[in-house]
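Chemist: Got chain A; can you put chain B on it based on the hints?
There are 2 protein chains.
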Amino acid sequence: MNGAQSLIRTLVDAGVDVCFTNPGTSEMHFVAALDTVPEMRGVLGLSEGVVTGAADGYARIADRPAATLLHLGPGLANGMANLHNARRAHTPMVNIVGDHATYHKQYDALLESDIDAVAGTLNGWVRRCGGAAEVGADADAAVAAAREAPGRIATLILPADVSWGEGGQAGTPVPARPAEPVPDGAVAEVAELLRGAEPVALLIGGHACREEGLRAAAAIGAATGAKVFAETFPRRIERGAGLPNIERLGYLAEQVTYQLDGVRHLVLVGARSPVSFFAYPGKASDLVPEGAAVHSLAGMEQDVVAALTELAAKVAPDTEPPLAAARRPELPSGELTPQNWADVLGALLPEGAIISDEANTSGLLVPGATAGAPRHDVLTLTGGAIGQGMPVAVGAAIAAPDRPVINLQADGSALYTVSALWTQARENLNVTTVLLNNRAYAILRMELQRVGAESSGPKASELFDLSHPDLDFVRIAEGMGVPAGRASTAEELAEQFSRALAEPGPHLIDALVPPLL
Amino acid sequence: MNGAQSLIRTLVDAGVDVCFTNPGTSEMHFVAALDTVPEMRGVLGLSEGVVTGAADGYARIADRPAATLLHLGPGLANGMANLHNARRAHTPMVNIVGDHATYHKQYDALLESDIDAVAGTLNGWVRRCGGAAEVGADADAAVAAAREAPGRIATLILPADVSWGEGGQAGTPVPARPAEPVPDGAVAEVAELLRGAEPVALLIGGHACREEGLRAAAAIGAATGAKVFAETFPRRIERGAGLPNIERLGYLAEQVTYQLDGVRHLVLVGARSPVSFFAYPGKASDLVPEGAAVHSLAGMEQDVVAALTELAAKVAPDTEPPLAAARRPELPSGELTPQNWADVLGALLPEGAIISDEANTSGLLVPGATAGAPRHDVLTLTGGAIGQGMPVAVGAAIAAPDRPVINLQADGSALYTVSALWTQARENLNVTTVLLNNRAYAILRMELQRVGAESSGPKASELFDLSHPDLDFVRIAEGMGVPAGRASTAEELAEQFSRALAEPGPHLIDALVPPLL
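In the order they appear, the protein sequences are chains A and B. Quick note on the UniProt record's numbering: the first sequence kicks off at 1 and runs consecutively. Quick note on the UniProt record's numbering: the second sequence kicks off at 1 and runs consecutively.
Each hint should be verified, as a subset may be incorrect.
[What the hints assert, rightly or not] Pairs of lysine-lysine, DSS-like flavour, derived with a Cα cap of 27 Å:
| hint | chain 1 | residue 1 | chain 2 | residue 2 |
| --- | --- | --- | --- | --- |
| 1 | A | Lys314 | A | Lys227 |
| 2 | A | Lys105 | B | Lys283 |
| 3 | A | Lys283 | B | Lys105 |
It should be emphasised that the hints constitute simulated quantities derived from the structure, not laboratory data. Note that the structure is predicted; figures quoted are calculated from it, not measured.
This is chain A alone, in the form it adopts within the complex:
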């Protein structure tokens, strides 16, 4: 078997059996080898932002990595924004980046570029395959590195001649290093704080935002009076009726200041200390309240759920966590507004839904409207690089074909990776995209004011305006094979949303929701 065949065999044996790809000539032997390993599923994206975002969404739902196959440096670069988002999400992922044959690199052919340097900025694991015989072991090491808690991006650079070279050997899966134990004394120290008189807040992140962690955190809050928050952009947070409703820290510094007001001790549980998303003139970057102390119950690389469970056993042994009651908004009527579209979503959200949330400013009222909806998962924009929502929906739908995936998608962000719609159609994925179309980069209008820029005039405003010409997302979606309709009233949105959920395959609703601000 050649290097490519051993690579795919090894990945499958290690539990990686989906490969999102946009290949080129240097990856042709990998592509050919797909037919020799029937367990590996290849999924085509029409640009690499779709490929890497889909792998991110897949792993967030499947709890195991997908592979990507990317074409040389430019392919990697095109996928970098969603790799950045995946890095911030601590998503496990195995990138295979094809490269020129080893002996060809000296010629600096036109597509040559510094793959290693670009991959190195992901702060993950990077290795260059040295020969066909080593590919199997390299791939096993990559999968193990990707799965190491809390999850990271492993990039394997695969020269074309290593791929086509004979002597490939399938590897033997290497167990990922388990999450580290919680440091001695951390639980006792936090328990002591919680028993004290000063106000405490827990800030949970990563795996703590799944049911077990949420229940423990909510019980701790109920028993001790501590506030409990989830990080602003969790990789995956479970919500809905029958689960604790944990508030996320806000995106705006002003919101966080309000949420943490009066807190004297901030306890981090798999989360980072809160900082402002951007700097603003004359405003603080560090959002820990003045005079408050920051403590760590467990770091991301540690077993955050075990830490919370142990802490709950100490301070809330008999406390049942408060759970969200089943309660939906009434189905609203009238022209779409930032509130009523969220109410439509809350009223109709199906059981077991996965929400890929890139609604940005249009989504501010969604958490309230869906808190009592049936149980669902929310996947957020984890690294702030827009263009993540549509590809993440692709990956989530492939990981969970029986669950409805809802992509809440802002218009300004949609065009980065819009060809994800084509992959949704090609793979017949159950993704319903609600395109929140306010015909603007609304967030930038707001940010222009927030940064205190004085002299804003027509040229600046023009750069936030997406209405010259209007983007017609119905046609764009149809052009990519996705049935689509337009909704300008709550009734139309409700009718189209219900129909989209009832039919298999992807749908898009161009929802004309005016800007919130």
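Modeler: Frame of chain A, contents of chain B only:
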């Protein structure tokens, strides 16, 4: 004035008065400052691949750099593939990459990433602005670096607090270092070769592909019997009736081997020695014929046109260069074929057209069909990273609003930066896109065979097939505000092409041309 204002003032004073952008919060002061410097034109792209590709196309036609304004590391990364192409084209460009405020970087906010490392892979000029007072001088240095022969990418990283900080001072334009003189003796050495008995070929690139260089090279060829070739992917090559018709080296190694057969001396004039685009098992990477010697008349950083002119004066003092006669194909009829669509183009190409060529396999017969068409410029896919054609058309049309721009665009490449169509509509650019729709990554079908992969089966084939579902480029274009039609016969293509050229603003024709191979 603040740093941002001084930056824009300085750029304009240095001759950079178009800025392609997709800004974010950290660039808000730059955006606000646009209204204080009326000479600077801001052009919005909906993703950064459009922004950087447009800046490339602009400079190739305007012969001076445009600026880009990009949002942090992810914005730069999204633009990297077309920056790679621009690097290979030696296109002058000034990237402004916004960054977090200097004091904010320590917090590793979510959008933080290693901008310097990624920008560093462009092998150009990179500087991080240290303070508002230095921005003007930094910008002048960036423009001078960008314009240094043969042209390169200068990246200025602009922290938000430098942008909003007071004390900005407009700089004083710095002259770009002129092209280096041709080394002593080089002209005489090549003249000697040309007078000798052994077969010689000239390979010209860069600025030598403009009229003056072409005429000198063609005269040399006519007087001495030397073959003359242009590099495979020139930044800009002038063609058509009344100009020498210089053949480009082929994309496929087999073509180059045929073209250079028998050559004993290969003389490089602002071009690189030919190498295979990719490596193939058992085939040579270096395409210089065995036993042939490689000589340099002038390097890219030297005055290649002066070198050719001086050489022509020595070896062809009385020779008029052979020029292409005005001759167009007959307007063909019938179902579209790889030949007849090119004939439609040749029959109808308007005077002074600019062709942005990303037709890939579908474009193989275009050079022959257009050789005797009215004079035009061709902008090629200079770095091999697909997704360049549509954005380059945007930039070319902004640089030359009175010239018709024709984008020959392969379907497989189109979805990378398809939102360039929206910018074409917004700016009402005279771009006619001929979308060569063969419903496949046809080049990869060919490459799969060429790399000698044995076991290709249905899973591999599926990854090159764009027909499940068909991409409907008419709807996609209309969704972005560009009028569009579909052509399946030569008559339809001719009719729609003529109409598109007659009407102002952008148009797209979805031309159903079957694969060449």
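Chemist: Does each hint fit the structure? Answer for all of them.
Modeler: Status of the hints after comparison with the structure:
As the CA atoms of Lys314 (chain A) and Lys227 (chain A) are separated by approximately 17 Å, the hinted pair is consistent with the 27 Å bound. About 14 Å separates the Cα atoms of Lys105 (chain A) and Lys283 (chain B), which keeps this hinted pair within 27 Å; it holds. Of the pairs offered as hints, the one joining Lys283 (chain A) and Lys105 (chain B) holds, with about 14 Å between alpha carbons and a cut-off of 27 Å not exceeded.
Every hint from the earlier list agrees with this structure, and none is contradicted.
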